[in-house]
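Bring the two chains, given one by one in their own frames, into a single complex with the hints.
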Amino acid sequence: MRLDIEGLSVDAGAVRLVDDIKLAVDSGTFVGLVGPNGSGKSTLLRCVYRALRPAGGTVRLDGDDVHAMEPRAAARVVAALPQESSAEFDFTVTEVVAMGRLPHGDRTAASDREICAEAMERTGVAHLADRGFLALSGGERQRVLIARALAQRPRVLVLDEPTNHLDIAHQLDVLSLVRHSGLTVLAALHDLNLAAAHCDLLYVIANGRIVASGAPHDVLQPALLAEVFGVRAHPVRHPETGAVQFLFDLLPPTA
Amino acid sequence: MRRPPSSGSARTPQPLLIVGLLLLLCVSLVCGVALGAAGIGAADVFRFLWAGVSGGTVHADDAADYTIVWEIRLPRVVLAAVVGAGLSAVGVAVQAMVRNALADPFVLGISSGAAVGANAVILLGAFAGLGVWALSASAFASALAAMVLVYAVARSPHGLTPLRLILTGTALAYGFEAVTTVMVFGAARGEAARSAMMWLLGSLGGATWAQVPLAAVTVAAGWAWLRWRAEPLNALAMGDETSAALGVQPARLRRELFLVTAAVTGTVVAVSGAIGFVGLMVPHLVRMLVGADHRRVLAVAPLAGAVLLVWADVLSRLLLAPAELPVGVITAVVGVPAFLLLMRRGGYAFGGR
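Sequence lines, in order, name chains R and S.
For the record, in the first sequence the residue sitting at position 222 is 222 according to our numbering, with numbers rising by one throughout.
Numbers in our numbering are just positions in the second sequence, counted from 1, shifted up by 255.
None of these hints come from the bench; they were simulated from the model.
It should be emphasised that the depicted structure is a prediction, and the values quoted were computed from it without experimental measurement.
Hints may be right or wrong, so weigh each one.
[Unchecked claim] Beta-carbon label-pair distances, calculated as ranges: (1) S:Arg-599 with R:Pro-222: 53 to 61 Å; (2) R:Thr-58 with S:Thr-425: 37 to 45 Å; (3) S:Glu-326 with R:Gly-105: 22 to 30 Å.
Note that beta-carbon positions come from the ideal geometry of N, C-alpha and C, so glycine has one too.
Isolated chain S, as found in the complex (with noise of 0.2 Å):
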């Protein structure tokens, strides 16, 4: 695929890209409480939405949408938002770890593994001692089991390199998936399957204000660590050789990487289940916009996923309404058409040529 030779000056500037995507966060972040099943109207959202915010007074018979308004949706839209953040952010992550354009969140193998420990709690019951945490806490744990396994495995005498890594995931993941397809298959109870399939194919439908703190704390840090080691990830990924001259210790660095990765996916993952494809097609617009320089990326990245995630949430809640699709349905149906429109548009050396 030849690429046009003037690719590097028509970038779009980054400070205009980046308070034109907070804008749109912000437009974003109303509309997706504006827009939903229960019709009301977007006057009352807003009034709801002022009266929640500045400590006003509601009418007792505006109560039920009220509570609809803010304590269904707003936090809806917020952990969307957070989440969205937090998969393009470890997509950077992981691409430039194992050196792999094709690379995201979940290629290793901690997704499915966070899958695993939330349909045990979903279809077996396991953890009820934990009560509304079980399911959070047992994707977590078992997000980070996964994790540990993944490390040990891939590890050999020079590190963890890139190839090992992915084939590991990989593998693993594959492993993961049997166990939970053994669950869901094993389960007496239909609906517990569907909430199983459902959390396989991540859903925001479980959001409460209860998960936004610890969710956006661990995106933010991550986010922030990743951003301030842009130039390091930018030396790891022209190649493990170059980044020792330049000073970055490539084994070292993965590992890091690796930990927080896991950290924010897990987190992630365990809030809103595997939503797939924005951690691997947010990376990519954004470099085909801004370029390759992580500086740039990790500054914009985690805004045009965010935004993304929050208008895929809403249109997985209109489009089949009052039944609910699965959000990753909506990203991938999204997601695959823009992606391969953008990939063969040309002008992108999509992982090279």
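So that you can see chain R by itself, here it is in the shape it has in the complex (with noise of 0.2 Å):
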């Protein structure tokens, strides 16, 4: 399923934090969202799964707009990943997971529970079962949220830095294992690259605007770099694998 989103903007009072975002995702695709802190990437997010309503601009799944959709339908269609952790009550995984189900009508206790095994069994947390979500490491929560989002047995998947806290081997772990979802991806990542090892297509975006878009290697280019994130990048060749990755560090002072 695509993902179009189209002239969007949302204000926060008379502050404007997206300003007329284009943007598309292929089926079947994983684009990754790549700028600076408080650049716009977690706002334009919520707005694709309906946690916040946009001033303008659409956002389109196959053509049809998720915000004119019922709640459920579109939660039926579109699964998140969010970046929020509420600590307060101590589901089990099993608990956590089932959660997915809630958007589907046409369920009885047993086809979910068919659901969820299976989810858990290929995000490898079928062991966790009943363990407490709080109880586990960072990069078992990951696993298991992300568990709860293939139960939900969406189409497109959204990601807001799901690396985030993570040890290496989580974050290569996490991204693969998004990847072989075989669903529509919309990820933002803060780790360039990370995204430029695991994006098929990225977008840069810097104060609320789309600056950049197009293959990972043609987009992070170090003039870009220096001019959205301040940093100065040096790619360099992987000794064994030859892809490119970036050293980076901060730019001279220009006073």
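Given below as structure tokens:
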């Protein structure tokens, strides 16, 4: 399923957080959204999974306006891993994954159990089924939330910095899990090397506007990185794979 | 606080727990009627109950005892169960609504608001035209007024956010309590002040059959609605973003919860005053037994709350008999140590870690 965002704008009071965004995710592709803190990544994603209603513009799934859909109907198509963690109620892993079935009307306890078990199997958290969600490590939690998203049986997956607070092995693990889900994916990422390695297409957002888009290595050029992120980037080839990676340091002061 | 990794599998099976609690509730109701300060034998109590149920006859000498059992004790015990169930169900709902495990039905200021209305009747003789209904009606009306006030103040462009709700409710509760205190201190009549105090701490002493139907229907309807919305409550407990992504509109659900909570709390407070601790403690006890899933918590918590309050009321009648303690004192005296003990036991992630 394709995702098309057109002319999207969000205001908070008098401040425009996101301005006239145009973005497209082809069916089955993994599109990354990169940009500095406060550039509007999360705001944009929140409009896609309906946590926020935009001031203007549309989010379309195969042509249908997400914000015109019934909430549960939209949740049957778009699943999300938001950037929030409530630590008040200690649900078990099974209970957290089962929440993914909530948007579905035609279901039975048996079919729910089967779908949830399959999702937990796919993300490798079946052995955690009876554990409390709050007692899990960061990597385990992300896997459980991906299982919940898969149990939702969506066509589109929205991820808000899914690799935050994870060590490097778990970062790679989470991204490859998402990559192999076969879903249309839109993800905000903060690690540019990870983004370049995993995404089919990158959008760079700064001050609420898309400033560049395209294949990762066409987009991530030292000049753009200097302008948007304020860093000096040195492309180097990986000695074994030959993939281009960046080394970063601060720009020299220009006064 | 570390929790053992096996916490999930050690939970009590739910059907067993519900059947057990239902049996316990029946036994508690009967015990609640049988135990009292009037010294009526258990055999007589059963005879009177049977006579009342089957429409049988009672000897004229027993008329006074029969009246005590049928017109005073039974409605009181039934009302205790209804109030206990209502406070527990609402406690679960409020905790999910403000996403704070330390919230209870009174954190929204509704009960302190009701206290103002009730005390206006007791101390100032307001709404005398309503006769015996003055107290309940005034308590309910002022609970609703308090709710509208809290809602209006807590509202923001982003809807009802949990923190704003808690802060507004708490701040306004202090205000309402100050008004009540001024009324108690300003009142010339000592007995009235005592009755106002009793009311502030909660008491089932004034229970009559007339109060039971409305309270029971409101509590049952509120409970049924909450149980029906148990899955969206789970999503809301995980966070607003998560619920939005699962197709549950958090702002709308919170508005609905606010309305149901206010209606049930207002009704319950109007018949029994502000009985503390039940709405805070029972949800926690039940979560320790069945886990956090609201489908199970909401099936079990009202039953547990009903049993707890029936026994708390029995104790409040017996401990200093023939004098009567406010039942809120009992729930606090029993509740505080039980709560601290369970919390320190360490097997429970109390409001997270």
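Honestly, do S:Glu-326 and R:Gly-105 meet the 22 to 30 Å range at C-beta? violated, 49 Å
Can the suggested window of 37 to 45 Å be confirmed for the beta-carbon pair R:Thr-58 and S:Thr-425? holds, 42 Å
Given the hint of 53 to 61 Å, is the C-beta distance from S:Arg-599 to R:Pro-222 inside that range or not? For S:Arg-599 and R:Pro-222 the Cβ distance comes to about 58 Å; the hint holds.
Checked against the numbered hints given earlier, this structure breaks only hint 3.
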